[in-house]
Amino acid sequence: MTTPRETAGRRGSDRATRRAHGDGRARDAAWMGRALRLARASAARQEVPVGAVVVAGGRLLGSGSNRPIGRRDPTAHAEIVALRRAARRAGNYRLTGATLYVTLEPCLMCLGAMVQARIARLVYGAADPKVGAASLMRGRRLRGLNHRIVASGGMRVAECAALLKEFFRGRR
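In numbering that gives the first Met the number 0, the protein residues as written are 0 to 171.
Since the hints were made in silico from the structure, they are not lab data. Hints may contain errors.
To be verified - Estimated spans, in silico, between C-beta atoms of each pair:
{"no.": "1", "residue 1": "A25", "residue 2": "L107", "range": "28 to 34 Å"}
{"no.": "2", "residue 1": "A160", "residue 2": "N91", "range": "33 to 39 Å"}
{"no.": "3", "residue 1": "N91", "residue 2": "G57", "range": "16 to 22 Å"}
We treat Cβ as the ideally placed atom computed from N, Cα and C, and that holds for glycine.
Can you make the complete structure from the sequences, with help from the hints?
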């Protein structure tokens, strides 16, 4: 079997790498599916439906769903809950190389927590035009900070947006 390293530099090496490691987009969609299940659990508790998972090395480190109302804690966003659980499991608050998947674009507080945790990659579903902070990153970094986060939005966006729309339909 030819390894991705052996095919590097050859024509079609991107296809060989994808075959050897699996399609990254499909993997991202699967992890977002986990986050969507958590978001639905939030909605069932009458919380804004947001779910998040932290993944490193292909394994789940932590997961969380939105809980600020039930916990009476303004910091109990899905991302923060997931980061706390991941840090406990990893035995370190620095989650270097990890990816955070979340159904809604993170707010500034959650983005700050990701920087502190050294999250390498952010994948989110629906954009949040009111308080979403991923757009603040220019060139993958926040101005004045050393840490870079590769961010991409729109993963399973229709499902993420529909869940939020349905939740808020009867409330606004």
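Verification of the hints:
no.: 1; hint: A25 - L107: 28 to 34 Å; result: 31 Å, holds
no.: 2; hint: A160 - N91: 33 to 39 Å; result: 34 Å, holds
no.: 3; hint: N91 - G57: 16 to 22 Å; result: 18 Å, holds
In terms of the numbered hints stated before, the structure departs from none.
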